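Kindly produce the complete structure, drawing on both the sequences and the hints.
There are 2 protein chains.
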Amino acid sequence: MQSLKNTLWVGLLILSGSAAAQKGSEIRPVNFAQVAVKDQFWTPHIKKIAAVTLPVCIEYTENKTGRIRNFERVAGSLDDGKGHEGIYFDDSDVYKALEAIAYALKLEPNPTLEEKADEWIAKIAAAQEPDGYINTYYSLTGLDERWKDMERHEDYCAGHLVEAGVAYYDATGKRDLLDVGIRMVGHMMTIFGPDKRNWVTGHQELELALVKLYQTTGEERYLAFSDWLINERGKGHGKGGIWENEHWGAAYCQDDKPIEELENISGHAVRAMYYYTGVVDVASYKDKPGYMRAMDRVWEDVVHRNTYLTGAIGSSRHNEGFTEAYDLPNASAYGETCASVGMVFWNQRMFQATGTSKYIDVLERSLYNGALAGISLAGDRFFYPNPLASDGDERKEWFGTACCPSNIARLLASLGNYVYAQTDAAIWVNLFVGSQANIQLGNHEVILRQETDYPKDGESKIVIEPKKQHDFALHIRIPGWVKGEAIPGDLYRFGQGPASKPLIKVNGKEVTYQEEQGYAVLKRKWKKGDEVSITMPLEAQAVYPHPSIQQNQDRVAIQRGPLVYCVEGVDNQEEVFNLLLPAVGNFKSVWEPNLLGGITSVEVNGKVAGAAGDGQQVELQDKTVKAIPYFAWANRGKSPMQVWIPTKIHSVTLNKSAE
Amino acid sequence: MQSLKNTLWVGLLILSGSAAAQKGSEIRPVNFAQVAVKDQFWTPHIKKIAAVTLPVCIEYTENKTGRIRNFERVAGSLDDGKGHEGIYFDDSDVYKALEAIAYALKLEPNPTLEEKADEWIAKIAAAQEPDGYINTYYSLTGLDERWKDMERHEDYCAGHLVEAGVAYYDATGKRDLLDVGIRMVGHMMTIFGPDKRNWVTGHQELELALVKLYQTTGEERYLAFSDWLINERGKGHGKGGIWENEHWGAAYCQDDKPIEELENISGHAVRAMYYYTGVVDVASYKDKPGYMRAMDRVWEDVVHRNTYLTGAIGSSRHNEGFTEAYDLPNASAYGETCASVGMVFWNQRMFQATGTSKYIDVLERSLYNGALAGISLAGDRFFYPNPLASDGDERKEWFGTACCPSNIARLLASLGNYVYAQTDAAIWVNLFVGSQANIQLGNHEVILRQETDYPKDGESKIVIEPKKQHDFALHIRIPGWVKGEAIPGDLYRFGQGPASKPLIKVNGKEVTYQEEQGYAVLKRKWKKGDEVSITMPLEAQAVYPHPSIQQNQDRVAIQRGPLVYCVEGVDNQEEVFNLLLPAVGNFKSVWEPNLLGGITSVEVNGKVAGAAGDGQQVELQDKTVKAIPYFAWANRGKSPMQVWIPTKIHSVTLNKSAE
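So the sequence lines, in the order shown, correspond to chains W and P.
Read in order, the letters of the first sequence are residues 12 to 670 in my numbering.
Read in order, the letters of the second sequence are residues 12 to 670 in my numbering.
Worth flagging that the hints you see were computed from the coordinates, not collected in a lab.
Predicted model only: the values in this text are computed from it and were never measured.
C-beta atoms are modelled at their ideal positions from N, C-alpha and C, and glycine is treated no differently.
Where hints are given, some of them may not hold.
Claimed, not checked - Covered stretches of chain P, going by a simulated chain W footprint (3 or more residues, C-beta under 8 Å): (1) 333–344; (2) 619–629; (3) 659–667.
Right under this line is the structure:
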């Protein structure tokens with residue numbers, strides 16, 4: 012196969028940290044390789060990825076499950092007489108783990124992890140069929156059946172293969188895995204495309220991966236193939252199990268309408284997120300106003316009517332996705348970790364396409380709450396669904412469908428991607444994360460050092476060090492929660508009106524600033540050592556739901572900065588579902604360095620209902636209710652938890668039966 | 012295939028209404044063909060089986076699903092290019108529907124049903140393989156794979172085929188279906204058995220069917236094969252998916268221990284019930300004291316520690332079966348309809364083996380509550396699980412795994428089987444059901460006419476008409492609920508002590524009677540027109556749970572005669588989970604002829620908790636709570652329901668979140 016690899020390897024150019032074909036005036040992220048994160052909030056989480064999470068993933072991937080053995084069986088290096096182990100999409104977990112390893116290696120060299128990755132990559136390469144096809148399920152159960160059922164995740168696995176290949180090449184310069192991905196895509200492009208066979212990706216993912224492949228290789232045909240795949244949808248081409256299933260059908264994977272006709276979100280949440288991410292990616296290179304109009308409509312439907320306060324999406328366990336507008340049940344919320352990760356991806360692309368801060372507001376919400384809750388503080392256990400009320404639950408070490416562990420790992424390891432963005436003439440500070448960024452503004456090098464304890468408080472200091480004095484615009488995001496806007500639209504609102512604007516000083520002196528598209532814009536000739544300080548009033552606030560959310564009527568939630576809070580039993584004598592809070596909370600924030608790795612808890616004077624009179628009466632007594640950040644729940648054993656607490660009693664349940 | 016049929020058809024003898032090889036001194040049921048049921052409670056249910064339930068089953072079996080088409084595809088009479096439709100055990104639903112049709116035909120001629128059955132039977136016979144094997148799943152997906160995974164229900168389907176064949180032959184004298192079953196069993200016996208291959212039935216059922224085949228044909232080898240299958244269990248022979256599944260394993264189908272070592276019930280409830288039924292069947296013909304000692308132990312474990320008040324069993328949805336002793340959650344109760352049907356089968360056999368009434372007490376409980384709740388009053392919709400608390404649920408027209416509809420149909424159509432039992436010298440009146448029975452006591456014919464409004468009240472009149480004056484013992488069951496015994500053992504107990512003994516009169520004069528094994532025994536020379544009247548005090552009673560049932564602490568239920576009651580929202584302004592009842596209820600029974608087909612409702616003065624003070628307080632107010640028989644719930648739309656109501660408040664939940 013060595014010769015094949017060399018003939019296929021043509022025209023590869025990698026442009027570290029930026030998109031090959033983008034114009035200098037277009038917004039792009041500052042690649043996390045250029046962003047050294049050193050942050051009181053995030054660094055402990057990120058460090059656990061390489062130290063704890065990836066070793067867990069590796070153990071499950073190669074020992075406790077047969078994901079690696081499947082590749083060995085195809086290659087013939089393992090001959091144990093057994094067939095394919097696991098589910099037909101299990102290859103993707105190997106690729107996602109490799110992607111996360113790649114990101115970890117970019118953050119910090121780790122010979123053990125790199126050796127393991129190289130070993131896996133060799134096994135993967137050996138399992139590729141001569142025609143470039145790679146999928147252990149079909150190689151082991153019969154290649155005659157491949158490319159028949161469009162939902163068997165062959166393309167989805169290919170997408171994750173490509174993403175991993177790109178990431179590993181970027182991190183290490185080693186191109187073997189990328190080669191495998193290029194061959195697989197090449198194989199697909201000989202079968203599918205204009206004037207060839209139709210194909211609808213049953214679980215979108217390849218679309219966005221192809222754009223990454225285009226960015227890495229500069230080959231336009233990958234971008235064109237991605238666009239072709241997007242255009243295949245909604246035209247009746249879909250074939251296979253889900254399309255025939257009366258409960259799912261084409262809408263389950265967003266194949267019910269062509270892209271430009273999309274009005275609302277529907278179907279499986281993760282598929283939707285990956286799809287939309289790919290759509291915006293393609294639209295950023297090709298002139299696709301119809302795509303972006305559709306994305307605007309759908310985004311509004313998601314954020315204005317279908318997002319949980321935690322930034323999670325997907326209210327139905329049945330289809331792991333959407334039901335109808337404003338249907339946001341708490342206890343049975345699906346809110347898959349991967350869908351929150353997808354919200355981060357999609358909103359980053361929406362921001363890049365528009366330069367508007369509201370997308371980062373949503374990204375921040377999903378990141379700090381819905382996604383981060385998916386992993387334990389120790390980094391070793393994971394949630395798949397993330398409900399907003401629970402009788403008690405615990406994160407698991409692994410899942411049969413193991414998408415979430417490696418997905419949260421790759422997100423956290425590449426967190427630096429989301430802190431800054433740039434054009435050739437401007438920098439955006441999107442997240443308040445302690446870090447040092449090396450940014451190439453056209454021909455100018457600029458170093459940005461951010462120091463902050465956010466979200467403990469709302470102070471941030473940014474030191475700017477251009478190699479030489481240089482004129483550019485610094486956009487500092489003014490978070491929605493500062494402006495009294497809980498989330499873009501009216502799905503959730505704060506009790507208070509807008510707080511005072513952030514106070515911004517340059518070199519110690521307050522400055523007035525223009526607000527453009529949600530950013531404080533500071534345009535000046537920056538010189539070495541210029542210091543920008545940002546002060547935002549960061550206090551606990553009451554949040555109220557839109558009245559159309561039946562499940563939250565007369566309930567209040569607590570948010571402090573970007574963090575959504577919850578009441579957990581362990582802090583409240585296990586009393587969670589019998590609490591009554593005042594509609595307007597008088598909140599007291601307490602920094603607790605020794606609780607849950609260091610968090611600010613919030614206390615409020617409420618009431619608790621309980622039995623009195625020898626169990627023949629109910630009494631409400633005063634109680635100080637303590638809330639903690641939602642992401643940190645379920646780290647102290649099983650305990651009930653609730654985000655939305657009643658402010659008014661509608662119904663009373665006596666001795667709620669243990670299920 | 013005609014010749015094969017004739018060569019196999021040897022030695023068939025049918026002995027209507029009694030077991031071929033049993034001794035005259037052994038207790039056997041009076042076959043329902045000899046028992047004309049005419050009962051205010053049961054007749055409406057039974058009539059709906061032929062009029063409504065079976066047409067629904069037929070429509071789903073041959074049109075809305077592919078169960079009949081699968082047979083046609085094997086036979087080649089349908090060539091639509093499609094493979095097997097549905098699940099690998101779907102053939103069994105066809106057989107169970109045929110068994111139910113057979114029973115319906117015994118009750119009343121019905122040319123439409125009989126024609127349909129004959130049509131199906133011809134299609135089934137045409138789908139039998141030349142070697143006698145019949146199973147559309149493997150015939151259509153590849154016979155190479157048959158008899159490999161012991162849990163693929165090949166034997167289970169064979170068992171239902173045999174049961175249907177026996178029933179249809181018994182009802183119509185037509186032996187085609189029985190022939191198919193005999194050939195399938197013959198095929199199995201060439202492969203499996205002593206000195207042949209091992210086999211563990213993955214879903215027990217064939218064991219009891221083989222005993223029926225033995226009873227019908229008189230051929231000892233079927234009985235021996237059944238016993239061999241029973242003895243295969245618990246010896247490490249099991250092979251296939253469930254045995255390899257870490258969550259299930261051998262215990263899931265009771266293959267973890269040999270029969271004689273059984274101590275407790277475990278695993279899948281329906282499998283357990285069918286297994287035990289077969290075990291007692293075999294023990295009734297062969298000298299198997301070890302089997303019966305095991306059955307005694309297991310029965311005690313089931314009834315004393317693991318049965319719901321409704322006679323349903325199986326508290327876990329995960330394994331559709333058992334967890335640990337006294338774990339009886341209400342809302343998440345599985346209580347599969349088929350398992351309650353299985354409780355009826357098994358307890359009937361336990362009674363026959365012992366002549367003891369406690370088994371009929373359990374049978375009656377499962378029949379009038381857990382099983383009957385499985386079907387709508389209209390006869391057209393079904394429950395699969397039967398919880399004891401619900402936020403509201405509705406019966407479905409059909410299920411993917413469609414065992415329950417035909418199972419409840421065959422039980423109700425053959426209800427007459429459970430009313431009386433006999434030896435050659437005695438008659439047992441087990442259920443109080445209006446009916447006329449023609450009983451052959453040795454050489455004597457006796458007609459018994461029972462008139463009763465039970466369970467509306469506790470009066471029953473039995474007129475005895477021996478062809479000529481004859482000396483025999485009449486055993487009249489004294490139900491546990493009359494004796495202050497809610498259920499054998501101490502799992503549930505009534506508030507009151509024992510009520511007065513039933514008053515029994517013969518020809519208008521009170522008699523004193525011996526109580527033997529739970530029966531009032533009247534021994535005399537009976538003459539034509541002798542009239543026995545039984546008067547039992549039948550009033551609503553409070554029932555209390557064993558303190559080890561965590562989920563029911565400080566809760567009370569209501570039972571009236573054999574009927575367990577529940578509180579349904581529709582009768583109580585939707586207030587169900589906020590009720591408080593007095594520990595000792597002062598119940599008022601009201602006969603309501605126009606409610607739910609005619610039921611006795613029960614009222615009790617309780618309290619209801621609700622919001623007060625503009626939603627800032629909780630108040631308990633007096634409320635008359637109305638309860639209805641559990642079997643009748645969910646016949647008036649979705650409404651919350653609860654069987655066990657608190658008598659003391661432990662916990663208060665405010666605004667229980669809509670899931």
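Taking the earlier hints as the rules, which of them does this structure contradict? As far as the earlier hints go, not one is violated by this structure.
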